[in-house]
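Asks: From first to last, the protein sequence lines stand for chains D and L. Just so it is clear: in the first sequence, position 42 is 271 by our numbering, and no numbers are missing. Just so it is clear: in the second sequence, position 630 is 719 by our numbering, and no numbers are missing.
Each statement offered as a hint is correct.
Mimicking DSS-like on lysine-lysine, the simulated pairs with C-alpha atoms at most 30 Å apart in a straight line are:
hint	chain 1	residue 1	chain 2	residue 2
1	L	K556	D	K265
2	L	K707	L	K665
3	D	K265	L	K535
Reference excerpt, derived from the structure (chain L facing chain D, CB under 7 Å, subset only):
hint	residue
4	L443
5	P445
6	V513
7	L516
8	G558
Don't read these hints as lab results, they were simulated from the structure. The beta-carbon is built from N, C-alpha and C at its ideal position, and this holds for glycine as well.
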Amino acid sequence: MTLLLQVVAFALGIYLSIRMIAALHGIADFWYMIDKAWLRVLAGVLAWGTTIGVVAWLMARPYQTAFVWGLLTYLVFYLSLLPLARLYVAGRRTDRYIEKDVSA
Amino acid sequence: MTSLVLSLDEVGAGDAGFVGGKGANLGELLRNAFPVPPGFVVCADAYARFLEVLDLGAELRQLDSAPPEEIVQRCAVIRDRLEKEDLPRELADLILAAHGRLIANRGRPIVCAVRSSATAEDLGAASFAGQHGTYYYVDTAQLLKKVRQCWGSLWSPEAVSYRATHGIDHASVAMAVVVQEMIASEVSGVSFTANPVSGSRDEVIIESSWGMGAAIVDGRVTPDSYVLERADLRVRTQRVADKRLMVAAHLEAGQTARLEEVPNAMRRRESLTPDLLRTVAQWSLKCESHFGKPQDVEWAICEGRFYLLQSRPITVMGREDIGRDIKGKYVLFKPLVENFTDPFTPLAENLMTLVPLIGMQFIDGWMYVDVEAVRRLLPFKVSAEALADHIYSISKDAPAWKVSISKLPALLAIGLMFFLVNAVLFLRTRSLPDGALDSYRALCEKLDADTSIGPADANVRLLLLPKLGDPVGNMPLLINLAAVRFLSRMHILRRLVRRWAPDLRADAETLLGSGSDGVLSAEMGRGIWALAVEANRNACVRDMLLAQVPERALAELRLTTEAQDFLRSLDGFLAKNGHRAIKEWELRSPRWEENPAVVLGMVRNYLLIETEPSIHEKKAADARAELIGDLRARLQILPLERTFGLRLRLILFAAERVRYFLKMRENSRFYYIMGIGVLRKKVLRIESELMRHGKLKCKDDIFFLRVNELAGLQSGSLQWLDVEDRIRERRIEHIRLCKMGPPKTIGIEMPEKYAPATQHEGATLLQGQAASPGAYEGRARVILDPSIDVELKPGEVLVAPYTDPAWTPLFLTAGAAVVEVGSYLSHAGTVAREFGMPCVVDVGEATQKIRNGDRIAVDGNLGSVRIVPQQADA
Numbered sequence: 230m231t232l233l234l235q236v237v238a239f240a241l242g243i244y245l246s247i248r249m250i251a252a253l254h255g256i257a258d259f260w261y262m263i264d265k266a267w268l269r270v271l272a273g274v275l276a277w278g279t280t281i282g283v284v285a286w287l288m289a290r291p292y293q294t295a296f297v298w299g300l301l302t303y304l305v306f307y308l309s310l311l312p313l314a315r316l317y318v319a320g321r322r323t324d325r326y327i328e329k330d331v332s333a
Numbered sequence: 090m091t092s093l094v095l096s097l098d099e100v101g102a103g104d105a106g107f108v109g110g111k112g113a114n115l116g117e118l119l120r121n122a123f124p125v126p127p128g129f130v131v132c133a134d135a136y137a138r139f140l141e142v143l144d145l146g147a148e149l150r151q152l153d154s155a156p157p158e159e160i161v162q163r164c165a166v167i168r169d170r171l172e173k174e175d176l177p178r179e180l181a182d183l184i185l186a187a188h189g190r191l192i193a194n195r196g197r198p199i200v201c202a203v204r205s206s207a208t209a210e211d212l213g214a215a216s217f218a219g220q221h222g223t224y225y226y227v228d229t230a231q232l233l234k235k236v237r238q239c240w241g242s243l244w245s246p247e248a249v250s251y252r253a254t255h256g257i258d259h260a261s262v263a264m265a266v267v268v269q270e271m272i273a274s275e276v277s278g279v280s281f282t283a284n285p286v287s288g289s290r291d292e293v294i295i296e297s298s299w300g301m302g303a304a305i306v307d308g309r310v311t312p313d314s315y316v317l318e319r320a321d322l323r324v325r326t327q328r329v330a331d332k333r334l335m336v337a338a339h340l341e342a343g344q345t346a347r348l349e350e351v352p353n354a355m356r357r358r359e360s361l362t363p364d365l366l367r368t369v370a371q372w373s374l375k376c377e378s379h380f381g382k383p384q385d386v387e388w389a390i391c392e393g394r395f396y397l398l399q400s401r402p403i404t405v406m407g408r409e410d411i412g413r414d415i416k417g418k419y420v421l422f423k424p425l426v427e428n429f430t431d432p433f434t435p436l437a438e439n440l441m442t443l444v445p446l447i448g449m450q451f452i453d454g455w456m457y458v459d460v461e462a463v464r465r466l467l468p469f470k471v472s473a474e475a476l477a478d479h480i481y482s483i484s485k486d487a488p489a490w491k492v493s494i495s496k497l498p499a500l501l502a503i504g505l506m507f508f509l510v511n512a513v514l515f516l517r518t519r520s521l522p523d524g525a526l527d528s529y530r531a532l533c534e535k536l537d538a539d540t541s542i543g544p545a546d547a548n549v550r551l552l553l554l555p556k557l558g559d560p561v562g563n564m565p566l567l568i569n570l571a572a573v574r575f576l577s578r579m580h581i582l583r584r585l586v587r588r589w590a591p592d593l594r595a596d597a598e599t600l601l602g603s604g605s606d607g608v609l610s611a612e613m614g615r616g617i618w619a620l621a622v623e624a625n626r627n628a629c630v631r632d633m634l635l636a637q638v639p640e641r642a643l644a645e646l647r648l649t650t651e652a653q654d655f656l657r658s659l660d661g662f663l664a665k666n667g668h669r670a671i672k673e674w675e676l677r678s679p680r681w682e683e684n685p686a687v688v689l690g691m692v693r694n695y696l697l698i699e700t701e702p703s704i705h706e707k708k709a710a711d712a713r714a715e716l717i718g719d720l721r722a723r724l725q726i727l728p729l730e731r732t733f734g735l736r737l738r739l740i741l742f743a744a745e746r747v748r749y750f751l752k753m754r755e756n757s758r759f760y761y762i763m764g765i766g767v768l769r770k771k772v773l774r775i776e777s778e779l780m781r782h783g784k785l786k787c788k789d790d791i792f793f794l795r796v797n798e799l800a801g802l803q804s805g806s807l808q809w810l811d812v813e814d815r816i817r818e819r820r821i822e823h824i825r826l827c828k829m830g831p832p833k834t835i836g837i838e839m840p841e842k843y844a845p846a847t848q849h850e851g852a853t854l855l856q857g858q859a860a861s862p863g864a865y866e867g868r869a870r871v872i873l874d875p876s877i878d879v880e881l882k883p884g885e886v887l888v889a890p891y892t893d894p895a896w897t898p899l900f901l902t903a904g905a906a907v908v909e910v911g912s913y914l915s916h917a918g919t920v921a922r923e924f925g926m927p928c929v930v931d932v933g934e935a936t937q938k939i940r941n942g943d944r945i946a947v948d949g950n951l952g953s954v955r956i957v958p959q960q961a962d963a
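The task is simple: from the sequences and hints, build the whole structure.
Replies: Below, the structure is given as structure tokens:
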């Protein structure tokens with residue numbers, strides 16, 4: 230049962246991490262109209278940040294650890310997406326071998 | 090004369106073995122009093138003699154055993170020697186003597202056309218594909234060199250590759266060369282005595298343009314097109330193209346460029362008078378009668394006189410030939426082809442596949458989905474045929490397939506990964522305000538100005554890989570993909586409505602899911618209407634637009650003081666929408682900002698109608714309001730609805746979500762096309778530079794090169810002669826594919842129930858897919874290209890192969906729309922719903938089955954189109 234709840238806490242951490250990252254992106258997404266949207270952006274960041282804090286505070290120790298791991302795991306995963314995508318694109322680009330293919 | 094050089098009137102149909110197919114055909118025609126320009130043939134024996142003199146026997150024998158990777162290099166050596174070494178004295182004298190006789194008969198100096206004539210039947214297709222040399226404007230000084238170059242073209246990489254692919258022995262091939270007086274044609278073209286795509290024998294198709302015919306054959310010029318009834322040569326349909334370029338019949342001293350601009354006054358003038366049209370048709374049918382089979386005829390008109398340049402049997406190329414050599418099972422990726430049905434040019438395709446697509450592949454310029462790859466991922470027991478059908482018609486409800494338990498774990502893993510990768514993006518795009526994507530415009534301008542970034546890198550930055558701190562507005566392609574959530578929202582809406590108000594009108598969900606404000610393509614249409622209103626208020630502008638073709642009108646407007654306000658409004662419109670184009674997904678398509686005359690053509694269309702577009706929208710809005718009232722009344726009888734109104738709120742919320750994602754899809758596309766516009770600008774700059782250095786000769790040729798070939802030209806490792814043949818071959822192939830259109834599937838035999846909606850011969854009821862509700866009856870107007878066919882009268886039914894946003898203004902004029910390739914999500918469906926007009930999509934062969942002027946009844950609820958019989962209309 231403990232293990233199951235830890236898994237649930239981990240999953241909850243992932244979910245809230247997703248929400249938090251999306252809220253933080255709002256700063257860039259609405260920068261063009263930040264004078265009108267600042268409240269919305271701030272509210273999103275504060276709401277999810279507060280939720281994360283409250284949830285973590287309310288959780289008992291083993292679940293809190295699992296929850297934090299969930300938060301961090303997704304954060305690392307998300308931050309690695311773009312570099313991995315860049316590596317993939319750089320490695321698979323079909324225009325790489327210019328000098329070799331010119332006669333084909 | 091010896092058998093090394095023969096006069097054309099000395100050869101006939103049975104001599105193809107030593108004068109080649111072209112030479113034999115022309116000789117046969119000349120002997121039978123057809124108007125063929127005089128000339129002579131340098132026979133295949135002459136080629137063989139030259140090879141002996143060059144002592145290339147050993148090289149030819151070694152080709153059979155050479156490793157594949159060395160073949161091209163060895164052939165290049167053979168080609169080089171053929172083209173550079175002098176001909177034997179005797180042979181040269183024979184050729185020059187024959188040429189001298191041509192000049193003497195004419196009584197003045199002439200220039201000649203020097204053309205390859207392959208001796209083997211199986212090389213006939215290679216000639217057709219433009220792999221073997223053809224040269225114009227050849228005078229005495231260049232004649233021998235051009236003959237050698239024709240022989241050399243047998244050994245070009247493309248010709249060698251063709252023979253290798255088709256198992257033709259390199260050493261066995263031979264080439265004759267036809268030399269004829271070049272006709273300084275004012276008009277030239279091609280005609281087909283049967284439809285080359287369908288094989289239909291009841292029509293004669295003629296394509297014509299100004300100047301020499303070479304530019305029509307390889308697609309550098311869009312010709313006028315006529316379809317005549319075979320029985321009485323009555324014109325069934327005609328399309329007068331905007332003929333911007335022509336191949337000059339004469340060259341000035343020192344001139345090398347052969348494509349020149351057509352004078353404005355001639356661009357939209359019909360190139361053939363009715364008498365000449367009839368003459369061309371009659372001679373073409375005489376060719377068919379002589380050879381006993383349908384013919385593809387090249388001809389020219391000079392000083393009112395008809396000349397026959399070539400006649401060969403038509404090879405009917407069906408869609409089944411496309412992808413024949415491809416292994417695997419594929420279905421057409423409809424979201425792309427419903428925007429335009431032509432294949433992508435090589436450069437556009439190359440840029441789109443800069444990073445190989447997963448589960449997708451380009452086949453002959455069209456994008457296909459790998460059905461087997463998708464089948465492996467899905468946890469259902471489903472046949473390839475059923476899956477292909479569903480992928481093609483993705484907006485239909487999913488059928489009830491059985492679940493394959495063994496695949497469930499893999500599906501869950503994939504689904505989880507998909508969720509984790511896309512969750513943040515989906516949240517960011519949940520409720521974007523209008524204008525959220527405007528930042529992309531600034532990114533496009535920045536990259537456009539940065540000359541250190543080439544088209545490939547710009548493609549990656551603009552369309553594939555954002556930066557971490559980029560606002561979501563900088564990712565139109567990703568937003569477009571995220572908008573696929575429309576499907577699930579529509580499904581929910583449909584379920585809710587059917588559950589709680591099953592007796593509501595059949596198109597209730599469609600109506601509820603339409604009518605968003607802020608759809609950019611609809612705003613673009615309104616913008617053009619606003620220009621028309623402004624033009625209408627200014628008598629000077631109005632008169633110019635109505636009296637002239639758009640190009641001429643634009644030139645005159647620019648010189649007219651009273652038109653400056655209008656021109657400023659036009660510039661304002663182009664500042665926002667100038668990146669749009671007809672066939673805008675294709676890099677090669679000129680953007681409106683490059684040719685504002687296209688926009689003026691649409692404005693001109695609006696000046697001819699009296700109905701305001703807002704009337705359509707008001708009608709749709711009224712229908713929606715009425716529907717909601719009806720819905721409310723029906724829901725009232727359900728428990729607790731009066732008190733809480735939850736069901737209505739839920740339905741309206743679901744409808745709002747549908748409208749939101751549809752708008753997001755449409756608007757993200759607006760900006761994605763902006764990115765393509767930047768790529769085009771970069772490519773055009775490279776083209777300009779390459780033409781300045783003589784590495785490219787004609788505009789537009791650049792789109793028939795691949796990215797690595799472009800890089801080769803820029804670096805100097807490739808020159809014009811290295812790419813000339815491959816460009817010509819790809820152009821000719823492109824035209825051929827454009828005429829055919831893509832097959833729905835490759836490698837899959839579709840059972841009857843999944844058969845494409847091709848219509849039976851003589852069918853009056855055509856089936857398609859309902860895309861916008863309503864019923865309408867009116868006269869059909871078949872439009873294949875809105876830049877050519879701009880005359881759509883108010884209330885006519887638009888019948889088109891596809892539509893994209895450049896067609897939007899036509900929707901304001903039309904009473905209904907019928908489209909060959911499309912879906913509920915397509916532009917045609919989306920805009921028709923916005924404007925409240927009936928629309929049926931996916932009506933196979935609609936533009937062939939329906940003719941201009943046919944009275945048709947469009948049922949946008951059932952997805953059918955009925956051709957009303959003529960007698961019923963009397």
